[in-house]
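J.: Top to bottom, those sequences are chains L and Y.
FYI, the numbering for the first sequence is 2 to 445, going by the working numbering.
FYI, the numbering for the second sequence is 2 to 445, going by the working numbering.
It is worth saying that the hints were derived from the structure and are not from the lab.
Heads up, a few of these hints could be off.
Covered stretches of chain L, going by a simulated chain Y footprint (3 or more residues, C-beta under 8 angstroms) [unchecked claim]: (1) 219 to 232; (2) 350 to 362; (3) 392 to 404.
Using 27 angstroms as the maximum straight-line C-alpha spacing, the simulated DSSO-like pairs for lysine-lysine come out as follows [unchecked claim]: (4) L/Lys66 x Y/Lys186; (5) L/Lys66 x Y/Lys66; (6) Y/Lys66 x L/Lys440.
Computed from the model, here is a short list of chain L residues facing chain Y with C-beta under 7 angstroms [stated by the list, open to error]: (7) Gln288; (8) Gly292; (9) Leu413.
Ideal placement from N, C-alpha and C gives every residue a C-beta, glycine not left out.
Protein chains: 2
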Amino acid sequence: MTQDRHIKLGLILHGVGRTWDDWRHPDRDVRASTNIRFYRQQAQTAERGKFDFLFVADSLSINEKSSPHYLNRFEPLTILSALAASTEHIGLVGTLSVSYSEPFNVARQFASLDHISGGRAGWNVVTSWLGDTAANFSRTAHPPHHERYRIAAEHLAVVQGLWDSWEDDALVGDKEHGIFLDPAKLHRLDHAGPYFQVRGPLNIGRSPQGQPVIFQAGASEDGRDFAARHAEVVFCGPQDLEEAQTYYHDVKARAARLGREAGLPLILPGIAPIVGRTDADAERLYQELVGLTSLDTGLGFLSRAFSDHDFRAYDLDGPFPDVAAIGQQSNQSAAQRILARVRRGNLSIRQIARELATPRGDFVGGPQTVADALQRWVEQGGADGFNLFETLPGQLEAFVDLVVPILQERKLLRSDYEQTTLRGNLGLAYPVNRHAADKGKQAG
Amino acid sequence: MTQDRHIKLGLILHGVGRTWDDWRHPDRDVRASTNIRFYRQQAQTAERGKFDFLFVADSLSINEKSSPHYLNRFEPLTILSALAASTEHIGLVGTLSVSYSEPFNVARQFASLDHISGGRAGWNVVTSWLGDTAANFSRTAHPPHHERYRIAAEHLAVVQGLWDSWEDDALVGDKEHGIFLDPAKLHRLDHAGPYFQVRGPLNIGRSPQGQPVIFQAGASEDGRDFAARHAEVVFCGPQDLEEAQTYYHDVKARAARLGREAGLPLILPGIAPIVGRTDADAERLYQELVGLTSLDTGLGFLSRAFSDHDFRAYDLDGPFPDVAAIGQQSNQSAAQRILARVRRGNLSIRQIARELATPRGDFVGGPQTVADALQRWVEQGGADGFNLFETLPGQLEAFVDLVVPILQERKLLRSDYEQTTLRGNLGLAYPVNRHAADKGKQAG
């Protein structure tokens, strides 16, 4: 990859908000999660700020206790395709689960998005960690954690294989001789593995990026190995710079051991900046955010990470209970991170609940303060860039109008898009089609 | 439904063309099938002509012998979502196969499209008739014809059940009391059938149409029963008015026997008009179209309907061979239609091949001639409207500029959209949510 020192920036589009209570802000549209005008406005603002990509997360099951931003949301591929038509440069990255999708459908939808957007598609590969998702997909049980990553690896291999079905110049279009296609450049995949058997070829031609960009968010051991081996961009959720550095070093080292190109994968912590005109103004905004949150919400968040365990049964101000046996079926990495934070701060249930409901993080302050923190994280080996949550309404505009110009002045952010594709803007190489590569080897 | 006598109009978006050789026209972009600008332009032209909807067909397997318009194409949900952002009024209808999709994913994607487009989504339910599709989806065999319709009925029931997960007013959004959702108005489906087991609820709120519109194209006995029972709009492919009348009468009668509302389902034959400035000009354009076609193409088309049977083994100018045993695994209704046409015209292989490659149909002529034919089909009980293929490049514009004004003058076509939703413009009622209906019954 190129020696690009720019900070990579993504915007997480999440409708009503990041936390359970963000929707209660007076300026928040309670239907934002299915409001195309809101999404379009956010997308265009991020593009004005020269962000690399928009990111739409996903999940596949809800119940009446789910957080508002899970309850009601656009499906990622459809909203990203709509946003492709309303933007020109910004990347379009969506989550799609390998556990409940057919690789042929996944390959098509992202290739189609890549064509629609002129080369701006990215796939965030997830394995779906909520156990009750299986019940929405005619399955009796969710596959265990370790197996999910074996499925994921095979699923991804099939999708990437299908993306190479068409060599770059397979579509000939010779009208005079009636030759639409060079059949020697259209390839079956003939994949036959333990989980998937897929013949191919894909019924859509080679897309502008050759292969849409692969994103992933590995946190567990299996997840980090997967990220190091397969991802081009990795999302993570460190609580502070130290945790970010540890993760960054670990995943880059795993990737290096696997012989991957230096610099890969790019690592982008998720952050929730609160930008004020001054540090004091930002502090006031943070308190506004905390004011939206109830203790119930924090406890719900905690419970969710531990297989719906009820923490109200304990003294909320006493020591955190022994929950070693909990969380096997749930989000392992989230639970472990919470336990680490509790131990580090010797926190009560009440304290960790409030923190979970309204994480403060490192990025609360005036424009210079936030820009300094972003620069510090990147220069001190914690990040290649960031995946931004909007906290309060108007915060994306504040970031774009106040922080982006400072980063541009410091040459830490582009002043305009360098390339037409997401891959190009991220400094990732165009992938040579495996079939063309084979021929090259035979010729050489 | 309302007593709307307007002709319903759909435009089939098919990229490089309807037949195997349309792409060879000098003015046709050989990459039209993945060219977003071409799709956008077609969509906006159809909207200018006050068409009811755009339709994107689909198929799920190709090989190097497939027709150019099958080989390389956008995936329907993604391209329709992109077009939602580039249009304001026109409906957005896409094919999705029940044989190779999860009902939960289908329900979400169409509900999401319905939100994105402000209520313009329609689903064309198909069962996928190409036997080798199974090989792209980790299946060993394609289910037999009759079973596919049992799967389709259950799949559709699950999707429509999921669309009723949220009552219209389930999203409360009471910021003061922190009540996002009324949990009594969010419903699990708890479907447990022979093919699908789906708990729900769907993770996207009630969409503007309540339920996206159901399209279908039943031709076989099973298909017609399915259409009569479940479809709101039916596509068909009659060769002439007589065949259209027979089909129309048959499906409407089946629907009436099932107790469906009078007028349902709407029946829309697919037609391929060629509009000239005069009848003679249109004849010249038709010959231009025929000139693009090779005999090979016609034979390929024939072969495709009969399980890839090779008709070159016969005397092309002799009588049509006995193929009673062929076609069981393939498109039964297409094969039967071809055999009926061969018998009616006593055609040789060469003759039926040419006709298949360049069907002429009833809609070739000057503007008055084409408008008269459309009116005749509707007034004589052959159609409630039409699903249009563009034949030669520029033909959509010709239809919109020359034929549409005549239809409007005759009050056979709207001069502007009456409603904001596809359902509304087609004159279909807003479906009452089943859970609200249950409560209504209990209260009454």
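J.: Give a verdict on every hint.
T.: To see whether the hints hold, each was checked on the structure:
Under a criterion of three residues with beta carbons nearer than 8 angstroms to beta carbons of chain Y, the stated coverage of the region 219 to 232 of chain L fails, only 0 such residues being counted. Under the rule that three or more residues need a Cβ within less than 8 angstroms of chain Y, the assignment of the region 350 to 362 of chain L is violated, with 0 such residues. Check result for the region 392 to 404 of chain L against chain Y: violated, 0 residues qualifying (beta carbon to beta carbon below 8 angstroms, three or more required). Between L/Lys66 and Y/Lys186 the CA atoms are separated by roughly 13 angstroms; this keeps the pair inside 27 angstroms, and the hint holds.
Proximity of L/Lys66 to Y/Lys66 is assessed by CA-CA distance (about 52 angstroms); at most 27 angstroms being required, the pair is judged violated. Simply put, Y/Lys66 and L/Lys440 have alpha-carbon atoms about 23 angstroms apart, close enough for the 27 angstroms limit, and the pair holds. The closest approach between the C-beta of L/Gln288 and any C-beta of chain Y is roughly 18 angstroms, which is over the 7 angstroms cut-off, so the hint fails. With its C-beta approaching chain Y no nearer than about 12 angstroms, L/Gly292 sits outside the 7 angstroms limit, and its interface hint is violated.
Checking L/Leu413 against chain Y: minimum C-beta separation of about 32 angstroms lies over 7 angstroms; hint violated.
Hint violations for this structure: numbers 1, 2, 3, 5, 7, 8, 9, all remaining hints satisfied.
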